[in-house]
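Work out the full structure, taking the sequences as your base and the hints as a guide.
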Amino acid sequence: MSETLLYHQALNRALDESMAADDSVFILGEDVGLYGGSYRVTEGLYAKYGEWRVRDTPISEGSFTGLGVGAALTGMRPVVEIMTINFALLALDAIVNMATKIPFMSGGQFPMPLVIRTPGGVARQLAAQHSQRLEQMLMNVPGMRIAVPSTPQDAYWQLKQAIQSDEAIFLLEHELLYFSEGTVDTRMPPPPMHRALVRREGDAITLLAYSRMVLLAEQAAHRLVEMGIDAEVIDLRSLRPIDWRTCIQSVGKTHHALVIEEDHRFSGAGAEIVAQLTEHCFNDLDAPVGRVAGLDLPAPYNGRLEALTLPDTDRIVDAAVRLLEE
Amino acid sequence: MDRARFHALLRDMLLAREFEERAAREYTEGRIAGFLHLYPGEEAVAVGVLHAADEADYVVSTYREHVHALVRGLSARSIMSELFGRRDGCSGGMGGSMHLFDRERRFMGGYAIVGETYPVAIGIAYAIALRQLPEAVICFFGDGAVNQGTFHESLNMAALWKLPVLFVCENNRYQIGTEIHRHSAVSDVYRRACAHDIPARKVDGMDVLAVHEATLEALRRIRAGTGPELLEMKTYRFRGHSMADPGSYRPRAELDAYRRLDPLRIAEHLAAQTYPDQAQLDAVGKDHIEAFSDRLQQQNLITHEELDRLRQSVQEEIEDAVAFAASSPEPVLQEAWDALNCNRNGEVMI
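Residue numbers (the numbering used here), protein chains in the order written: chain A, 2 to 327; chain B, 14 to 363.
No wet-lab data here; the hints were simulated from the structure.
Honestly, I wouldn't trust all of these hints.
To be verified - Computed from the model, here is a short list of chain A residues facing chain B with C-beta under 7 Å:
hint	residue
1	S61
2	P112
3	Q130
4	Q250
What the hints assert, rightly or not - Chain A regions said to be covered by chain B (calculated; three or more residues, Cβ under 8 Å):
hint	stretch
5	63-74
6	100-107
7	121-127
Said to hold, decoys possible - If you want the ones that stay clear, here's a sample from chain A, every Cβ over 12 Å from chain B, calculated:
hint	residue
8	D24
9	M77
10	V97
11	G144
12	Q154
13	E176
14	M194
15	D244
16	T247
17	F283
Ideal placement from N, C-alpha and C gives every residue a C-beta, glycine not left out.
Below you can see the structure in the form of structure tokens.
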């Protein structure tokens with residue numbers, strides 16, 4: 002049963018199916034109900050499931066995310082939508098101090114079947130307060146699980162898996178992916194939620210990316226082929242945990258690795274990936290692991306400058322070629 | 014108030030005082046570490062409130078929660094073991110003094126970031142309301158916690174959706190060392206609830222019967238679906254904020270004045286009253302006789318011998334709890350990993 006869906010439609014499908022199957026699933030967030038969601042992810046669900054299961058909240062990120070935590074303690078499966086990751090900063094206490102700590106601090110007594118969905122990333126000229134990535138902040142929190150779907154298929158799979166999990170899952174979406182199109186098979190059994198997938202096989206260099214950067218890595222790989230360089234593209238799909246085995250296997254074959262991330266370079270996800278690959282693959286590597294990352298600048302409003310702060314295919318291709326020349 | 018019920022209230026207050034004073038001693042002797050926030054002076058609040066709760070109700074508490082847990086029915090053994098950091102503690106030695114949990118008794122935890130109890134409480138209440146169950150959530154917080162954003166955020170949502178929450182402010186007048194008039198423009202916490210149309214009142218938090226009755230009434234309405242309410246318990250802590258705080262910022266006279274209002278002494282005194290003679294009734298005046306008579310029904314609730322036996326039994330219970338905690342094994346590191354991954358359910362991670 003495969004069909005072509007937009008990313009936001011795939012998320013909507015996952016929510017709808019999950020809510021139909023289990024009445025402990027409910028959605029809450031700003032404008033998720035009557036309005037249908039800022040990115041249309043919850044469209045139609047308010048009419049179908051009613052206000053108690055699709056709850057429009059006031060603008061109180063800290064407390065409605067905490068509400069999700071409290072409800073999850075009783076076995077409910079709340080799906081909290083935070084309109085953008087920038088606003089999740091107001092909910093960090095609920096996420097970091099509560100959701101990831103309560104099962105542990107209680108000695109393992111309580112479930113935490115909470116899903117927090119939010120888009121991150123740089124969209125189009127939304128300026129510094131609405132263009133952050135922030136995934137690296139959550140990566141350092143034990144008990145946190147972060148899924149980063151890059152395709153409609155993964156959006157569908159990973160959201161359904163997250164809702165079924167009894168652990169707190171942070172589903173990091175991307176504002177520029179909501180209207181990307183892809184094939185979604187609703188029958189095929191999904192891979193484990195945190196498994197990395199090889200999107201393109203190759204033997205010259207491993208391009209490691211997540212979220213929207215996977216699309217850029219694939220485009221770069223096509224251009225590299227024209228230059229006679231056969232690149233392998235790995236979609237991490239998860240930032241905590243990270244599927245090291247898939248990464249290490251690939252580097253064992255290509256002997257070169259380039260990490261592509263939209264987040265700021267300093268202390269971003271790439272820093273951890275480089276460190277791990279260096280520890281595990283030092284003898285396999287013919288060159289230091291490279292990084293193409295966002296500049297260490299807040300996003301400028303000006304469109305031309307904004308683009309300069311981000312990785313693009315040119316920069317990925319250049320970095321890959323230079324890395325192979327070393 | 015029947016005798017058995019009164020004895021239960023008084024015994025829990027005595028047990029609470031004994032537990033906390035013993036914990037202080039164990040801390041001084043180095044057997045309890047970390048932060049230790051003690052409750053003496055505030056016993057009437059926990060006991061009066063929680064004796065009004067049903068088994069099906071939920072309790073969300075702060076970091077000063079040993080007594081809430083104790084009155085909720087967690088054993089002194091399991092709480093003392095948790096303070097000792099041992100495997101038999103109610104949180105397996107992973108939480109400590111500030112993070113007592115007991116899922117079976119719906120004791121939903123001690124939270125040590127000020128202002129966290131509100132969102133947890135409204136979340137549980139949301140689940141109750143969604144499932145249309147006749148249950149309520151009791152949400153404790155201190156006077157210092159009412160200036161966190163979550164207070165107004167959560168009260169707004171609770172009122173908006175008529176969630177079954179009883180907000181209980183333990184107003185002991187100090188946020189650590191800052192007196193309430195120096196941290197709050199409006200020092201009557203109950204008055205803040207009117208911003209959200211939440212019924213609220215203040216209660217003498219040193220009088221266990223007053224606390225108990227106010228809570229019973231509020232919970233009856235809340236379970237009937239009329240929405241959240243707030244009770245402000247005027248109380249006082251006799252010790253510092255924690256064992257690390259000598260509490261020297263408070264004037265001696267203030268402390269002495271509150272010590273005369275010791276809730277344990279008040280309760281014992283109430284119980285020991287004898288029936289007044291005509292001269293006393295005349296002195297009170299006709300208009301007050303009815304109110305006075307209500308109180309008189311509480312007379313002769315306990316004899317000196319019974320009181321001695323209660324004291325003896327709580328001492329034995331705490332002595333036993335300490336011995337139990339001291340002999341409970343330390344958890345091993347694998348148990349910490351198991352606690353972290355307790356909800357993995359055999360899922361393949363990668």
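Check your understanding: Is it the case that E176 of chain A keeps its Cβ farther than 12 Å from each residue Cβ in chain B?
Key -> Answer for E176 of chain A: holds, closest chain B Cβ roughly 26 Å.
Outcome, coverage hint (the stretch 100-107 of chain A, chain B; C-beta under 8 Å; three residues): holds (count 5)
Would the non-interface assignment of D24 of chain A survive a Cβ cutoff of 12 Å against chain B?
9 Å, violated
Practice task
Please confirm whether T247 of chain A is truly not at the interface, meaning its C-beta sits more than 12 Å away from all C-beta atoms of chain B.
Solution key: 8 Å, violated
Report task. Test the statement that M194 of chain A is away from the interface with chain B: the closest C-beta pair must be farther apart than 12 Å. Result -> Given that some Cβ of chain B is not farther than 12 Å from that of M194 of chain A, nearest at about 8 Å, it is violated.
| For the hint on P112 of chain A, does the least C-beta distance to chain B fall short of 7 Å? | 5 Å, holds
message: The hint names Q130 of chain A as touching chain B; please verify it with the least Cβ-Cβ distance against 7 Å.
response: Hint violated; Q130 of chain A Cβ to chain B Cβ min 19 Å, cut 7 Å.
Q. Taking the closest pair, is the beta carbon of D244 of chain A still more than 12 Å from chain B?
A. Its Cβ does come within 12 Å of chain B, the nearest being 5 Å, so this is violated.
Evaluate the condition: distance from the CB of M77 of chain A to the nearest CB of chain B exceeds 12 Å. 5 Å, violated
Double-check S61 of chain A for me: the hint is only fine if its C-beta lies closer than 7 Å to a C-beta in chain B. Since chain B brings a Cβ to about 4 Å from S61 of chain A, closer than 7 Å, the hint holds.
Cβ contact check, 8 Å cutoff: the stretch 63-74 of chain A against chain B, three residues minimum: holds (count 12)
message = Quick check for students: does the CB of G144 of chain A sit more than 12 Å from each CB in chain B?
response = Contrary to the label, G144 of chain A does not stay out of reach of chain B, its closest Cβ about 6 Å off (not over 12 Å).
Hints 3, 4, 7, 8, 9, 10, 11, 14, 15 and 16, counting from the list given before, are not met by this structure.
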